[in-house]
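Here are the chains, one letter per residue:
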Amino acid sequence: MQAKTNPTLPQPGPAGGGKPKTVKMAGKLAYRNLFHDRLSLIVTLTGIVFSVVLVAIQCGLYIGSERMIAAMLDQSEGDLWVVPLGTKSFDDPSLLMGHEKYAALSTPGVEGAEELVVGFAAWRKPKGGTTAVLLVGSDHINGTLKPWNIVDGSLDDLKAPFAVAVDDTYFADLGIDKIGETAEINNAKVRITAVTHGIRSFTTLPYVFTSLQRARILLDASSNQASYALLRLDPDADAGVVRAALSERLQDREVMTQSEFRNRSVDYWLFQTGAGSALIAGAALGMIVGVVIVAQTLYSSTKDHLNEFATLRALGASAGYIHKVILIQAIMSAFLGYGVGMVLSLLVIWLSKDTNLLIVMTPGLALLLFALTIGMCVVAAISAIFKVTRIDPAGVFSR
Amino acid sequence: MTVTQEAKTKPNVLLEAKGIVKVFGSGEGVVKPLKGVDLDLRAGELTLLMGPSGSGKTTLLSILGCILSPTEGYLNLAGNSTEGLDAEGLADLRRQHVGFVFQGYNLFPTMTATENVMLALDVRAKPVVNPPGHAVEALESVGLGHRAKAFPAKLSGGEKQRVAIARALIGSPAVILADEPTAALDGENGQAVMALLSQVAQDPNRAVLAVTHDHRTLKYADRIIRIEDGYIVGEERPDKNAHDASTSGH
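Protein chains in written order, with my numbering: chain Z, -16 to 382; chain R, 23 to 272.
Just chain Z, same shape as in the assembly (with noise of 0.2 Å):
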């Protein structure tokens, strides 16, 4: 205590060079706060990070079942399908009565038409043993639903008699190692001319290409029948009338736009089945749990913390002012969380890219996984507002 004082303050205000300036320390005093007691912060990082990655994974998941679901439809190029009566999905066909598409060929409006045959199928692996199979077939040259994502072999080779393309994922579930390999569906022989990759089935039955008159040979369906008719309209035509009128025509089959057969198939494996259901319960149950451990802790924290909040109140803090360092302290918590959760969500993700399963990443999921993290800690920061909002500064002076 030598040391020389003399308490009389320079006055706040211009003096010397330089603009006066409010200084900011509530930030600063929330990452202390935060990163002062390293292992609540542990805590709250490991319920964010939990939270993030769940329910990534799930709405990850949700998504790439849409995709799969919507995977044939999405690559199709078409305005309007003609299906059979009662169709709930693209995955769950039937055959058509026949003669749709020279139905609906001679409807005003329309400007083309592809037939499409899909069905289950038994593929005989070539070691033995039998797996169903979706076997679709289409006309890969004036059609507009062919196998993509071809890494081995091309679409010219599918004009090979018994020529079949398969996808590198279900190699395992059809007893095959690679190109060239010879199969059977139905009792007959196939060979695998073409590889893509990456073209999953949500019902988890591998998808078997192969040409319009093939399939139908397979599948034992007459020459004029199809399982869907796709149409395109003339660009001036007007679809509702084309619709009605092929609604009209073709008793006892449905004309949906592509949406709503997409809309459809979305609807019937995702919601009817509860599939989708069941992954939006898992990502909702995430965010309880990491709302929960973020209010836990961060209230934890908040009480740890009582005595310097109630100090800032006694100092003419507002309510405002705390408000604002236990929020901070709870978003610096959703930055941290998000940005390791979202790592470890990728990493999940990167493993997952051979398998079965499709978990998807998208900018607007990760947009949206960031929204929902920094809304879970500023909700789980409530409960501590709360015990803040109740402190007596009057307290301060008998500690």
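In case anyone wonders, no lab produced these hints; they're calculated from the structure.
For every residue, glycine included, the Cβ atom is placed at its ideal position computed from N, Cα and C.
Accuracy of the hints is not assured; some may be wrong.
Cut-off 30 Å, straight-line C-alpha distance, at most; resulting in silico cross-link-like pairs (DSBU-like, lysine-lysine) [unchecked claim]:
hint, chain 1, residue 1, chain 2, residue 2
1, R, 241, Z, 307
2, Z, 7, R, 176
3, R, 171, Z, 11
With the Cβ distance kept under 7 Å, some of the chain R side facing chain Z (calculated, not the full set) [claimed, not checked]:
hint, residue
4, 90
5, 93
6, 96
7, 116
8, 128
9, 140
10, 141
11, 143
12, 144
13, 145
14, 153
15, 173
16, 201
Chain R: place on chain Z using the hints.
Chain R only, in chain Z's frame:
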């Protein structure tokens, strides 16, 4: 004459309290720590508030510092009446005009001495040129410029209380209220802190009130107010020069 008018006619009165009554609770559990207190704090003075435990010192300090509202009575702080102000209004008033020094220092353990002072500057929202430099100057003014980067855990009790005084001084509030500032300090450090508060009180634009039990601090007082059972029971103005002469004679 109203309190505000009276305060205006006495330009060196920075804080004026009249007929302060405070009642806690109701019915049979009612507690009345202050039963009608009149008190003013004048610029350039260090006033000591002394009294036994339970006499109402802390409650009075809380009301004078705009932390509590009186049940009855008027308070005027630096020309501002507290009448009708809610919690945020009172916070705004103490933010602008009151600096506190606490018995337990109440420093922020995760922040350095400079940051503790800067935090008060932020709370007061006072614009200054070079805020960190201003905070260091505040620490230098209490003799702690060399400890500016130290965290409270690395400071002695006396040093912590000096940081607390620098924090109270930053932003130049009109009134400094100190709650038992020497209670947690040994004799030497206690004397040094009181000497510092005495220096602080010499500012012609500032009044200092210290609640204390410590009789060793009497020699620093310009005025001593005694409170008992919720009433002011005595006020004296000791002759500091005589006290200095008598202590130097020993």
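The hints, checked one at a time:
Taking the CA atoms of residue 241(R) and residue 307(Z), the gap is about 44 Å. The hint is violated against a cut of 30 Å. Among the hinted pairs, residue 7(Z) with residue 176(R) is consistent with the structure: their alpha-carbon atoms are about 25 Å apart, no more than 30 Å. Between residue 171(R) and residue 11(Z) the alpha-carbon distance is near 15 Å, which keeps this suggested pair within the 30 Å criterion. Below 7 Å, beta-carbon pairs count as interface contacts, and residue 90(R) has one with chain Z at about 6 Å; its hint therefore holds.
With 7 Å as the threshold, the beta carbon of residue 93(R) stays out of range of chain Z, its nearest partner Cβ sitting at about 14 Å, so the hint is violated. Because the smallest distance between the Cβ of residue 96(R) and any Cβ of chain Z comes to about 20 Å, over 7 Å, the interface hint for this residue is violated. Interface restraint check: residue 116(R) against chain Z, minimum CB-CB distance 4 Å, threshold 7 Å, status holds. For residue 128(R), the interface hint holds, the least distance from its beta-carbon to any beta-carbon of chain Z being 4 Å, beneath 7 Å.
The criterion of a C-beta within 7 Å of any C-beta in chain Z is met by residue 140(R), whose closest approach is roughly 5 Å, and the hint holds. Hint status for residue 141(R) relative to chain Z: holds, with the closest Cβ pair at about 5 Å, below 7 Å. Restraint check, residue 143(R) versus chain Z: the minimum CB separation of about 5 Å is within 7 Å; hint holds. Interface restraint check: residue 144(R) against chain Z, minimum CB-CB distance 4 Å, threshold 7 Å, status holds.
Of the supplied interface hints, the one on residue 145(R) holds, with its beta-carbon coming within about 5 Å of a beta-carbon of chain Z, less than 7 Å. Interface hint status for residue 153(R): upheld, as the beta-carbon distance to the closest one in chain Z is roughly 4 Å, under 7 Å. A hinted interface residue such as residue 173(R) counts as satisfied when its beta carbon comes closer than 7 Å to some beta carbon of chain Z; here the least separation is about 10 Å, so the hint is violated. Because the smallest distance between the Cβ of residue 201(R) and any Cβ of chain Z comes to about 5 Å, under 7 Å, the interface hint for this residue holds.
Comparing the model with each numbered hint stated earlier shows that hints 1, 5, 6, 15 do not hold.
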